[in-house]
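Listed below are the residues making up each chain.
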Amino acid sequence: MKAVNNKILVTCDMKQKDQITINGFTLKCANSYNTNYRERSPVVCSRVDTGEILIVHHNTLYTPSPYHLGDNLFSIPSNSKILFAKLEEDLSLTPLLGHFFCERVEIPSDFPLPPEYIKHYDDRVRVTDPGQTRYKTGQLLFTRPFSYYEIVYIINNQQKRVIRCHEDMVVGYLIDK
Amino acid sequence: MATIKATNDWVFIEQDKKTTESHGFTLPDASKEKPSAGIIVSIGRLVKDPDIKAGKGKRALFHKGTGFSINFEGKDYLVIQSGNIIGVS
Numbered sequence: 090m091k092a093v094n095n096k097i098l099v100t101c102d103m104k105q106k107d108q109i110t111i112n113g114f115t116l117k118c119a120n121s122y123n124t125n126y127r128e129r130s131p132v133v134c135s136r137v138d139t140g141e142i143l144i145v146h147h148n149t150l151y152t153p154s155p156y157h158l159g160d161n162l163f164s165i166p167s168n169s170k171i172l173f174a175k176l177e178e179d180l181s182l183t184p185l186l187g188h189f190f191c192e193r194v195e196i197p198s199d200f201p202l203p204p205e206y207i208k209h210y211d212d213r214v215r216v217t218d219p220g221q222t223r224y225k226t227g228q229l230l231f232t233r234p235f236s237y238y239e240i241v242y243i244i245n246n247q248q249k250r251v252i253r254c255h256e257d258m259v260v261g262y263l264i265d266k
Numbered sequence: 043m044a045t046i047k048a049t050n051d052w053v054f055i056e057q058d059k060k061t062t063e064s065h066g067f068t069l070p071d072a073s074k075e076k077p078s079a080g081i082i083v084s085i086g087r088l089v090k091d092p093d094i095k096a097g098k099g100k101r102a103l104f105h106k107g108t109g110f111s112i113n114f115e116g117k118d119y120l121v122i123q124s125g126n127i128i129g130v131s
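Keeping their order, the protein sequence lines are chains A and B.
Numbers given in the working numbering equal positions in the first sequence, counted from 1, plus 89.
Numbers given in the working numbering equal positions in the second sequence, counted from 1, plus 42.
It cannot be assumed that every hint is accurate.
So the derived list for chain B, only partly shown, Cβ under 10 Å to chain A, looks like this [to be verified]:
no., residue
1, Ala-44
2, Ala-48
3, Val-89
4, Tyr-119
Bear in mind the hints are in silico, worked out from the structure with no lab data behind them.
Note that CB positions come from ideal geometry on N, CA and C, so glycine has one too.
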């Protein structure tokens, strides 16, 4: 079967976040009590036609869902709201469809602070992987407030995190005069 | 020195500063009326309106409460979409 209307067929291991190994320790996720859907919902899926491994939004791969076709098969729209990144063979991520990867920018403090007291700006990010956008690595971008989103995914039993933002959310950048 | 350049259809506006009210009292920030005018500092390349496009340095009038503010190097900028500007003088 060939997917049409800009949709793609993917398969997903629904139990990918049941158990994770972090620094050699295997942890069982208590799904019944864990309300953080970003941490517990599956986001990694495999494209049926090409075999590519994709990272999608955490509200996409669940049952019952309008995208669910049966077993572990899903038909998801290929748009920037859902599809974020592609996993390469070296386990690095490539941002897709106007997304770029970034890091939060710390609010400077006059005193050295412990990590739990460090605050970050909600309206600016620093680019770490520009993907197909016109921005450069290390560039400071101003965005709509809270427009970045942290993806939590598990590969080879390792929990990894990356922060993504979309170029439509960028309101400005810096130029040198 | 770095300056901000707007993208898409966003416009950066330097807000008017009003230190005292007409009755002479200085009010706390939370009680102040939100500004509805300011000087256009930067215009995104997807702005379509020709008057706004050529309006850098001019005063813009906009609806109160639109957009959001960004503080950079001690200056407060109001960031609004070009469709929310109602006049340029």
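Restraint satisfaction for Ala-44/B [CB to CB of chain A, less than 10 Å]: holds (4 Å)
Tyr-119/B as an interface hint toward chain A, with CB separation required under 10 Å: holds (8 Å)
Val-89/B as an interface hint toward chain A, with CB separation required under 10 Å: Status violated, d = 12 Å.
Status of the Ala-48/B interface restraint (C-beta, 10 Å, chain A): holds (5 Å)
Violated hint for the displayed structure: number 3, the only one.
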